[in-house]
Amino acid sequence: MSAMRHDVLAAQAVVDLAARADGFDVLELLHDLTTHAVSLLGVSSAGVTILDETGQVDYVTASDETCRRLEEDQLELDEGPCVDSTRTGNALAPVLLRADRPSRRRWPRFTPRALAAGITNVAAVPLRTPQHPLGALNLLSTGRVPTREDLCLAQVLADAAGVCLQHRQTLLAKDEVICELETALESRIVIEQAKGVLASRLGIDVEEAFVRLRGHARSRQQKLTELAAQITRGSVPAELDTVS
Amino acid sequence: MTREERDAASGAAPPPKDGLSELLARAHLAARNGHGPDTAVPPGAARLLGLDALTLNMLAADGHLELLWCDPAEGLGPELDNLQYTLGDGPALEAVKQGRTLSEPDLPAADPARWPLFLPAAARTPVRALIAAPLRLGAATIGVLTGYRTAPGPLTPAQRRGLDRVGRTLVHLLYTELITSADDGGAVTGLRLYRAEVHQATGFLASELGIPMGQALLRLRAHAATYGHPLSDLARDLLARRLAPDTLDRAE
Chain A
1 MSAMRHDVLA
11 AQAVVDLAAR
21 ADGFDVLELL
31 HDLTTHAVSL
41 LGVSSAGVTI
51 LDETGQVDYV
61 TASDETCRRL
71 EEDQLELDEG
81 PCVDSTRTGN
91 ALAPVLLRAD
101 RPSRRRWPRF
111 TPRALAAGIT
121 NVAAVPLRTP
131 QHPLGALNLL
141 STGRVPTRED
151 LCLAQVLADA
161 AGVCLQHRQT
171 LLAKDEVICE
181 LETALESRIV
191 IEQAKGVLAS
201 RLGIDVEEAF
211 VRLRGHARSR
221 QQKLTELAAQ
231 ITRGSVPAEL
241 DTVS
Chain B
1001 MTREERDAAS
1011 GAAPPPKDGL
1021 SELLARAHLA
1031 ARNGHGPDTA
1041 VPPGAARLLG
1051 LDALTLNMLA
1061 ADGHLELLWC
1071 DPAEGLGPEL
1081 DNLQYTLGDG
1091 PALEAVKQGR
1101 TLSEPDLPAA
1111 DPARWPLFLP
1121 AAARTPVRAL
1131 IAAPLRLGAA
1141 TIGVLTGYRT
1151 APGPLTPAQR
1161 RGLDRVGRTL
1171 VHLLYTELIT
1181 SADDGGAVTG
1191 LRLYRAEVHQ
1201 ATGFLASELG
1211 IPMGQALLRL
1221 RAHAATYGHP
1231 LSDLARDLLA
1241 RRLAPDTLDR
1251 AE
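Chains as they are written, first to last, in our numbering: chain A, 1 to 244; chain B, 1001 to 1252.
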């Protein structure tokens, strides 16, 4: 089986989405995902919505303005293919939108808005990392209905972007961890320094200084590290600064 | 100090018979149960790698190295580490700066320019070979694991792999330890500031002389380096008021 031009373009799109330099722009990645989806899948437009853990919108983008407005409509109405796919974490097979019999519509409020924009068919695949659902990639068409193969390719493209987003999350988490580690270490050093400052000011030994530090922090429900930092900056609470 | 004395001092005699994997597995288990590197890694890791001492330093935000774990707990490891801290020179610092593993299999034959301050000081100890491996979290270097040996020669490939495994376990332990017990309340964790008395003396001296912490620490280090005293002894002398603070209140 020889590779068709379409296959080559699809492979290039996957690489383009999955392999981005550290510090890449998320919105740009998502926008590129929608552009690739439109050019490879024969749909008229594509949109992406990403929600955070609390269900708030993190990112919305689309291949064109009409689609972007429909993405936002779905969030506002809390219904639509993107909302469904995000919630279930599953792909949504193409749904034909009809103007008749509103009571039988899957999305009674979204459907008229989509139809008004000329969209007659919608489908969606979830956008996810290996661990978490993030959102969905919406495919909107005016005539042609995406095939099963189209949906498979859409999922591959979405997963490629998901890999990239996962990598970014890992990097961000590591930065936070390193920051936390450094802070924890610094806190311990500052506590030792504060013991020395108190020992000097009160003419006591460091063990006694620690007992007083801890006692003071506990009686005022102050964090020991905060009290210690305050002391090393030269401001010793008056109650702690007298020999008793 | 002879090897026997060092072993006696650390209370660690022979390495566990069950090998490195067992030792590391126990360390991971201990980390989950809330023990720090000091208690979580049973004594004997250095010996299992054919080394006489292993030290774990964490890189602080200001760029200095903080000694948090040694195997054995006393002797050659802390001694060589304190030398590097006092002098601001040596393999641990360089490995962190370069972000790659450095080794020196024959210290007496090493280029004197490599560590101009550390090498002459180390020559007065029994150390003959060393290896310093940066500890990484993602792309960032967060510390360094240094191994010392009193016999010359490089580590075998298996020993180097073992060193990497110990390093990864220690990163995991550090992470677990520091994150879970970051809050204070004086909760003493298994993590131990080996140079606690140096930081105490820093606060003490800063208060006595009315100078900033950073400058107080520099004066302590300069005094120790100038007179060839161990920094920890100097710190204890100051805190016990056996040494007048104004001894350090002049240009060195």
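If you are wondering where the hints come from, they were derived from the structure by calculation, not from laboratory data. We treat Cβ as the ideally placed atom computed from N, Cα and C, and that holds for glycine. Certain hints may be false.
Which stretches of chain A does chain B cover? Using the computed rule of at least three CB atoms under 8 angstroms from a CB of chain B, they are [claimed, not checked]:
id	region
1	131 to 144
2	164 to 174
3	201 to 207
Cross-check of the supplied hints:
no.	hint	result
1	131 to 144	violated (count 0)
2	164 to 174	holds (count 3)
3	201 to 207	holds (count 3)
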